[in-house]
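*Asks:* So the chains spell out like this:
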Amino acid sequence: MEPRKLIERGPCRWELPTSGTMRVPVVVFASPDLLRQMDDKAMEQAVNVASLPGIVGASYAMPDAHWGYGFPIGGVAAFDADAGGVVSAGGVGFDVSCGVRCLHTGLRREPLMAVQRRLADALYERIPAGIGSTGAIRLNAQQMDAMLAGGARWAVGRGWGSDADLERTEERGQMLHAKPGAVSDHAKKRQREEMGTLGSGNHYLEVQEVTQVYDPAIADAYGLKPGDIVVMIHCGSRGLGHQIGTEFLRRMVEQAPSHGLTLPDRELACAPIRSDLGQEYLGAMRAAINCALANRQILTHLVRDVFAELLPTARLPLLYDVSHNTCKVETHRVGGKDRELYVHRKGATRAFGPGHADLPESLRAAGQPVLIGGSMGTGSYVLAGTRSSEALAFSSACHGAGRAMSRHQAMKTWSGRQVVDDLADRGILIRSPSQRGVAEEAPGAYKDVSAVVDAAEAAGLARKVARLEPLICVKG
Amino acid sequence: MNDRWEHFEHGADIGVRGFGASKARAFEQAALALTAVVTDPERVVARDSVEISCEAADDELLLVAWLNALVYEMAVRRMLFSRFALRIDGRRLRATAMGETVSVARHHPAVEVKGATYTSLRVAQRDDGPWMAQTVVDV
Numbered sequence: 001m002e003p004r005k006l007i008e009r010g011p012c013r014w015e016l017p018t019s020g021t022m023r024v025p026v027v028v029f030a031s032p033d034l035l036r037q038m039d040d041k042a043m044e045q046a047v048n049v050a051s052l053p054g055i056v057g058a059s060y061a062m063p064d065a066h067w068g069y070g071f072p073i074g075g076v077a078a079f080d081a082d083a084g085g086v087v088s089a090g091g092v093g094f095d096v097s098c099g100v101r102c103l104h105t106g107l108r109r110e111p112l113m114a115v116q117r118r119l120a121d122a123l124y125e126r127i128p129a130g131i132g133s134t135g136a137i138r139l140n141a142q143q144m145d146a147m148l149a150g151g152a153r154w155a156v157g158r159g160w161g162s163d164a165d166l167e168r169t170e171e172r173g174q175m176l177h178a179k180p181g182a183v184s185d186h187a188k189k190r191q192r193e194e195m196g197t198l199g200s201g202n203h204y205l206e207v208q209e210v211t212q213v214y215d216p217a218i219a220d221a222y223g224l225k226p227g228d229i230v231v232m233i234h235c236g237s238r239g240l241g242h243q244i245g246t247e248f249l250r251r252m253v254e255q256a257p258s259h260g261l262t263l264p265d266r267e268l269a270c271a272p273i274r275s276d277l278g279q280e281y282l283g284a285m286r287a288a289i290n291c292a293l294a295n296r297q298i299l300t301h302l303v304r305d306v307f308a309e310l311l312p313t314a315r316l317p318l319l320y321d322v323s324h325n326t327c328k329v330e331t332h333r334v335g336g337k338d339r340e341l342y343v344h345r346k347g348a349t350r351a352f353g354p355g356h357a358d359l360p361e362s363l364r365a366a367g368q369p370v371l372i373g374g375s376m377g378t379g380s381y382v383l384a385g386t387r388s389s390e391a392l393a394f395s396s397a398c399h400g401a402g403r404a405m406s407r408h409q410a411m412k413t414w415s416g417r418q419v420v421d422d423l424a425d426r427g428i429l430i431r432s433p434s435q436r437g438v439a440e441e442a443p444g445a446y447k448d449v450s451a452v453v454d455a456a457e458a459a460g461l462a463r464k465v466a467r468l469e470p471l472i473c474v475k476g
Numbered sequence: 001m002n003d004r005w006e007h008f009e010h011g012a013d014i015g016v017r018g019f020g021a022s023k024a025r026a027f028e029q030a031a032l033a034l035t036a037v038v039t040d041p042e043r044v045v046a047r048d049s050v051e052i053s054c055e056a057a058d059d060e061l062l063l064v065a066w067l068n069a070l071v072y073e074m075a076v077r078r079m080l081f082s083r084f085a086l087r088i089d090g091r092r093l094r095a096t097a098m099g100e101t102v103s104v105a106r107h108h109p110a111v112e113v114k115g116a117t118y119t120s121l122r123v124a125q126r127d128d129g130p131w132m133a134q135t136v137v138d139v
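As given, the protein sequences belong to chains A and B, one line each in that order.
Heads up, the first sequence stops at 476 in the numbering used here, and the numbers go up one at a time, no gaps.
Heads up, the second sequence stops at 139 in the numbering used here, and the numbers go up one at a time, no gaps.
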């Protein structure tokens, strides 16, 4: 995307004014360099989103935006039900509530490195990862519905965590108004053996070291110091979310004409919020959010067990848990008035600023932790939500590095063995069932995560708090 | 032209494309391309069979329905498929998919397919010649 095609509205903020079928402008947050790297397809998709009924403000693209399906990955769009707004299964994606959580360990680098190899092996053995792996927890029909209604709160009730974990999870660990009855038997069947599994692709579990602190006051509020060891878990709602995405996409495509919707791209499949299908999807999607929250909570429990055996002094409280692929009802101030909006974040993170009522007391002064996963060989970041992000993009920020290269190209460029060896030379241990999977996720296949977070900070979407670098990575 | 499959580039995901002498053969080849997202199809033994049927309003929606039916069977049976016998009658597709349970040691499965999308979706015949069936799958 060429910067000259857009109007520069502020630092790292560009606008494509409304034209043609667009109802609102497109706003892209990026440095000139990131903008040049951004493919035209991502822009085309952001323009398509801008043409959907009931959209409010703008169709936003975060600094890590890239070509997705329907919405760009890194796309944010809010809809007003009163203005004929829609909910889009494509705007949430297949991996509903895919997200990241970060656990403290209370450990410093040295004791961790003393057991690095054993810890890597133990985590790899205990955390089911990759295709064909199954979780140890099987749910009957009643338990499945309880999990879909209760989320991480359900998991904590079963003994897999504490109330303190819920305090540090979006929605206090439980997405309200979920409808387990709106989730098909197929979706439930697909989840039967997948509770407490990591998945594959870009999902991972990493042990990381805090290598740099940018904002000491917020870092202190988050409990992060240079040399601290943390655990980062990236995964989503597993087969259940994928099946819900698949089924509702199809139904929304099929029913679009009866809702009077003309879709520029079938993948934008959506339904009016005030329609039976829209309401059914919202209920099923919220159940999938609970599935993802429960899944990350169970994985947290497994990680704590492994640490208890190898590093008994470690305590692993949760710093925070954020979700990336969601549609949530939030109140935002638009044109001086509070409006209830259905905010889609596809490959984007919520980023509430200081003082936001939804934040737990312990984080309210600092703002919401925004967890940014990098690629396995590089770094991850902890950012903090700002007050300015509310007006800029309905309190949203980027979610990761974003791919710079397709899987196909990555596989032809690197061998998994070589990637593992190169990272081992740098002190990073990779454990994965698939060499090809590692090659496809090679660090070089991703954009520079530092450039992405720098742009987010320059634009005012979030503040940089700390940089984290991996020591162990378990990949599915 | 021989029936064949290939992958095509998509930013974060993978495009699957099948060519065949008939629409049904192109759908079979697209299914092989789907397996190839996970592993080399030649490593998958066609040992057990699964019956699949689906329906959709047009050819393109039928391709997505077919690939998603396979994704579902792969997920719940933990199987990979390498041989297909497929018939299309109007809007209806019936198929036998043959394959085996996934083995991490033999298949080194690279990545799980979450679902077939409607992105770059196309089913078409070239001037009375071969059929092509393609779409992007989310991984």
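Be aware that a few hints might be false.
[Said to hold, decoys possible] Derived coverage of chain B by chain A (criterion: at least 3 residues anywhere in the stretch with Cβ under 8 Å from a Cβ of chain A; other residues may be distant): (1) 18-31; (2) 123-137.
[Claimed, not checked] To give an idea of the chain B side of the interface with chain A (calculated C-beta under 8 Å), a few residues: (3) Ala46; (4) Asn68; (5) Pro109.
Read the hints as simulated data drawn from the structure, not as lab findings.
This one's a predicted model, so the numbers in the text were calculated from it and none came from an experiment.
Quick reminder that beta carbons are idealized off the backbone N, C-alpha and C, glycines included.
*Asks:* So, for every hint listed, does it hold in this structure?
*Replies:* Evaluation of the provided hints:
Counting residues of the segment 18-31 of chain B whose CB lies closer than 8 Å to any CB of chain A gives 0, so the stated coverage by that chain is violated, three being the minimum. Only residues whose C-beta sits within less than 8 Å of a C-beta in chain A count toward coverage, and the segment 123-137 of chain B has 1 of them, not enough to reach three; the restraint is violated. Because the smallest distance between the Cβ of Ala46 of chain B and any Cβ of chain A comes to about 18 Å, over 8 Å, the interface hint for this residue is violated. For Asn68 of chain B, the interface hint holds, the least distance from its beta-carbon to any beta-carbon of chain A being 5 Å, beneath 8 Å.
Here the hint on Pro109 of chain B is kept, as its CB sits about 4 Å from the closest CB of chain A, short of 8 Å.
Hints 1, 2 and 3 from the list above are not met by this structure, while the remaining hints are.
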